[in-house]
Amino acid sequence: MSTPQADPMTKAGGRSNRIAEIFARQDVILLCVLIVMVAFFTIMNPLFFTSYALANILQDFAPVMLLAIGQTYVILTGGIDLSVGSALGLSGVTCAMTMRSMESGGSPVAATILVGLLVGVLTGLTVGLVNGFLITKAKLAPFIATLATLGAGAGLTLVITEGVQVAGGPTEVITIGNTTYLGVLTLPLILVLLVLGFLWLMLDQSRFGRWTYAVGSNTFAARGAGIPVKRHLVKVYALSGVLAGLAGVYVYFRLGSGSPTSGQGQELNAIAAAVIGGLALTGGSGKLSGTVLGALITTSVLSGLILIGVAPNWQQVVVGALIAGAVALQQVDFAELRKKVTHG
Amino acid sequence: MADEVIYEARGVSKTFGSVTALDAADLKVHACEIIGLVGDNGAGKSTLVKILSGAHQPTSGTLLLDGQERRWDSPADALEAGIETLYQDSGLCPDLSISANVYLGREILRPGLLGKLGLLDHKQMAVKAREGLEQAGIGVAGGSRSVSKLSGGQRQAVAIGRAITWARKLIILDEPTNHLGARQSAEVLHVMKRAKEQGLGVIFISHTLPHVLEATDRIVVLRLGKVIADAPTSTFTPDSLLKVITGLAGT
Numbered sequence: 001m002s003t004p005q006a007d008p009m010t011k012a013g014g015r016s017n018r019i020a021e022i023f024a025r026q027d028v029i030l031l032c033v034l035i036v037m038v039a040f041f042t043i044m045n046p047l048f049f050t051s052y053a054l055a056n057i058l059q060d061f062a063p064v065m066l067l068a069i070g071q072t073y074v075i076l077t078g079g080i081d082l083s084v085g086s087a088l089g090l091s092g093v094t095c096a097m098t099m100r101s102m103e104s105g106g107s108p109v110a111a112t113i114l115v116g117l118l119v120g121v122l123t124g125l126t127v128g129l130v131n132g133f134l135i136t137k138a139k140l141a142p143f144i145a146t147l148a149t150l151g152a153g154a155g156l157t158l159v160i161t162e163g164v165q166v167a168g169g170p171t172e173v174i175t176i177g178n179t180t181y182l183g184v185l186t187l188p189l190i191l192v193l194l195v196l197g198f199l200w201l202m203l204d205q206s207r208f209g210r211w212t213y214a215v216g217s218n219t220f221a222a223r224g225a226g227i228p229v230k231r232h233l234v235k236v237y238a239l240s241g242v243l244a245g246l247a248g249v250y251v252y253f254r255l256g257s258g259s260p261t262s263g264q265g266q267e268l269n270a271i272a273a274a275v276i277g278g279l280a281l282t283g284g285s286g287k288l289s290g291t292v293l294g295a296l297i298t299t300s301v302l303s304g305l306i307l308i309g310v311a312p313n314w315q316q317v318v319v320g321a322l323i324a325g326a327v328a329l330q331q332v333d334f335a336e337l338r339k340k341v342t343h344g
Numbered sequence: 001m002a003d004e005v006i007y008e009a010r011g012v013s014k015t016f017g018s019v020t021a022l023d024a025a026d027l028k029v030h031a032c033e034i035i036g037l038v039g040d041n042g043a044g045k046s047t048l049v050k051i052l053s054g055a056h057q058p059t060s061g062t063l064l065l066d067g068q069e070r071r072w073d074s075p076a077d078a079l080e081a082g083i084e085t086l087y088q089d090s091g092l093c094p095d096l097s098i099s100a101n102v103y104l105g106r107e108i109l110r111p112g113l114l115g116k117l118g119l120l121d122h123k124q125m126a127v128k129a130r131e132g133l134e135q136a137g138i139g140v141a142g143g144s145r146s147v148s149k150l151s152g153g154q155r156q157a158v159a160i161g162r163a164i165t166w167a168r169k170l171i172i173l174d175e176p177t178n179h180l181g182a183r184q185s186a187e188v189l190h191v192m193k194r195a196k197e198q199g200l201g202v203i204f205i206s207h208t209l210p211h212v213l214e215a216t217d218r219i220v221v222l223r224l225g226k227v228i229a230d231a232p233t234s235t236f237t238p239d240s241l242l243k244v245i246t247g248l249a250g251t
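Quick mapping for you: the protein sequence lines, in order, are chains A and B. Residues 1 to 344 (the numbering used here) make up the first sequence, in order. Residues 1 to 251 (the numbering used here) make up the second sequence, in order.
These aren't lab readings, by the way, just hints derived from the structure by calculation. Misleading hints may appear alongside valid ones.
[As the list claims (entries may be wrong)] Calculated lysine-lysine pairs in the DSS-like style (CA-CA distance at most 27 Å, straight line): (1) A:K287 / B:K149; (2) B:K123 / A:K287; (3) B:K193 / B:K128; (4) B:K116 / A:K287.
[As the list claims (entries may be wrong)] Interface residues of chain A toward chain B, partial, derived using beta-carbon atoms under 7 Å: (5) A214; (6) S217; (7) G284.
[Unchecked claim] Just so you have them, the derived chain A footprint on chain B, three or more residues with Cβ under 8 Å: (8) 62-69; (9) 76-85; (10) 102-113.
Please read these numbers as outputs of a predicted model, since none were measured by experiment. A virtual CB, placed ideally from N, CA and C, is assigned to each residue, including glycine.
For reference, chain A alone in the conformation it holds in the complex (with noise of 0.2 Å):
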C-alpha cells in the first residue's frame, strides 16, 4: 500500500501498456479490415468505389448505426436489445400514419413533418421504456424481455397496417431523404452523424456514460457507490428505442413510404456492428469507435456482397457468420489475455 507496493505496481504498469497496446490496436485492425473489404470488393466490381456508390453505402449505415449506437450503451450494461429491429418498423409505419392522416387533413408541411418526427420518436421511445419496465421492474432477462417486445412490436405494425405499405404523405419527405449535397450527404444523414457525434461524447465525457459502463462491469459496485442502477438501465434502454425511432423516422424519410417489414433482422445488422467492434456481451468493456467501424464493415459487405453479384437472401447469412466469427475471435483474444495476465 505505501512504500512496498511501489514496486509490483510499476511491473503491472508495465504489462498493462503491453496490454493497452493490444487493445488499442483492435481499432487498427478493424481499419485495416474495412480497407481490405473495400480494396477487395474494388477488384471485383469497381462500380464500388464511386460516389454513387458510396453513398448508397452510407444511407444503408445510417439507420444501422442508429440501433448500432443503442445496442452499444444497451451492451456495455450487460444487456441486450433484440427489439430494436420492430421498433425500427413501428415508428416508421407510425411516423407515415401520421403525416398521411395529416397531410389528407390539409396541415401544413412543416407541422406534417414535426409531428410525424415527433411520433416516431415517441414510439420508439416507448418500446424502450416498456423494455426497461420489464426488466427492472417484472424482472425479466434483457434477452426475454426483449425478444417480447421484438415479438409484440413487430406483430403490432402489422396489425396497424394490416401488412400493407403505408404511402402517401407530403412528397418534401422523400425530396428532403434523398437529396444529396457533396455527393453523398442527405440531411437526415447529416442529422444522424450528429447524433453519433453527440452520443460519443456523452459516452466517454459524461457521467451518464460513466454509469453505463459501471453498471456492466460490477452491477453490485455500482449498486454500493450509489448509482441508482435500475432508473440508469430504464434510461439505457429508452435511449436505445428512442435511436430505433430515429432510425424508423429515416428509413421513412428515405423510401418515402413506412415499410411494416423495414425493421425485420435490423438487431442482427445492429449486434453484428457492436459485436465487431469488439464490445464483450458480458458489459462494461468496448468502445463505440469499433461500433461505428463495425457498422460500416457490416454495410460495405453487404452493399459489395450486392455489387458483385450475391443474391440478397444471402445477406442474413453473411451477417450472422460475421457474429459468429467475431466473436470467437474476442474470445481468443480474452484466453490469450487472460495467461498474459496470469502468467506474465
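Here the structure of chain A is known, so what remains is to put chain B in place on it, guided by the hints.
Okay, now just chain B, sitting in the frame of chain A:
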C-alpha cells in the same frame, strides 16, 4: 475508546419468509474504534452488514446514527450519511480506471455549462483520487490504469482507500483480507488502524481470527442470528474466541 457511540443497531431482526436470519441483534460502534464482527457461515454477519449499510431494511429494530434514529431506503442513503461499506471482493468496477472507481457515483463535473450537461472533470478527479488514496496511506501510481490490471492486493487497497476517502462516520469492511497474502493483509490492517486514528468507526468482518485479534478493540460474535458475545478483544484468546464462534462455550 471512551468516545461517543456513533452508530448503533438496537434489536435489529431480519426474516426472509419463515427464516430468521437475524434475531434482535444489538451493536454499538464508537468513534476511533475497530469492531471485529465474527461468526460462522450463516451466523447472520452478511445480513447485519447489509442492514447497517442500507442494502436491506430490518424487519424490526432501529438504527441510530449519532443518537438519532435513521432509516435507509437504499445504500445511497447510508453513503450520504457517511457510512461506507466495502463488500467482499466486489467493491470495484474492473473495467474502469482507479480514479474513476474512487469517484464512482460521486463524479466531479466540469465547471459551468459543460458540467450542467454532465461532462466529467477527469483531471480534477485524477488529482483528488490520488490525494485521497495517499491520505489513507495508499500510494498508487497511474490512477488512469484500469482496475482489471491490478493484482488482488492492489485492488483491495484501492477499494479500502476509496471507502476511507469518503467515509465521514464509519466504514464497514467485509472480509477485506480475503485472498490476500500475509504482507498485503498486514497492510490492510495497518490502513484500518489509520482510519481509526482519523476518528472513524470501523467494523471489520473476517473469518481470519488472528487478524481480528490483532487489529480490533472489541469483538462481537454472531451465532445463528443472535449476538452471543460482545466484549473487549483483550478478553479473548484465539482458543476462547473459536469456542464462542462454534458454540462450544458460552460467555
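The hints, checked one at a time:
1. Pair hint K287 of chain A plus K149 of chain B holds up; C-alpha atoms about 18 Å apart against a cutoff of 27 Å.
2. Taking the CA atoms of K123 of chain B and K287 of chain A, the gap is about 21 Å. The hint holds against a cut of 27 Å.
3. A threshold of 27 Å between alpha carbons decides the hint, and for K193 of chain B with K128 of chain B the separation of about 22 Å falls inside it, so the pair holds.
4. Only pairs whose Cα atoms come within 27 Å are accepted, and K116 of chain B paired with K287 of chain A is accepted, the gap being roughly 24 Å.
5. Interface restraint check: A214 of chain A against chain B, minimum CB-CB distance 5 Å, threshold 7 Å, status holds.
6. For the restraint placing S217 of chain A at the interface with chain B, the shortest Cβ-Cβ distance is roughly 4 Å, inside the 7 Å limit, so the hint holds.
7. Interface hint status for G284 of chain A: upheld, as the beta-carbon distance to the closest one in chain B is roughly 4 Å, under 7 Å.
8. With 0 residues having a Cβ less than 8 Å from any Cβ of chain A, the segment 62-69 of chain B misses the three-residue criterion, and the hint is violated.
9. Only when three residues or more bring their CB closer than 8 Å to a CB of chain A does the claim for the segment 76-85 of chain B stand; here the count is 4, and the claim holds.
10. For the segment 102-113 of chain B, the stated coverage by chain A is satisfied: 5 residues place a CB nearer than 8 Å to a CB of that chain, which reaches the threshold of 3.
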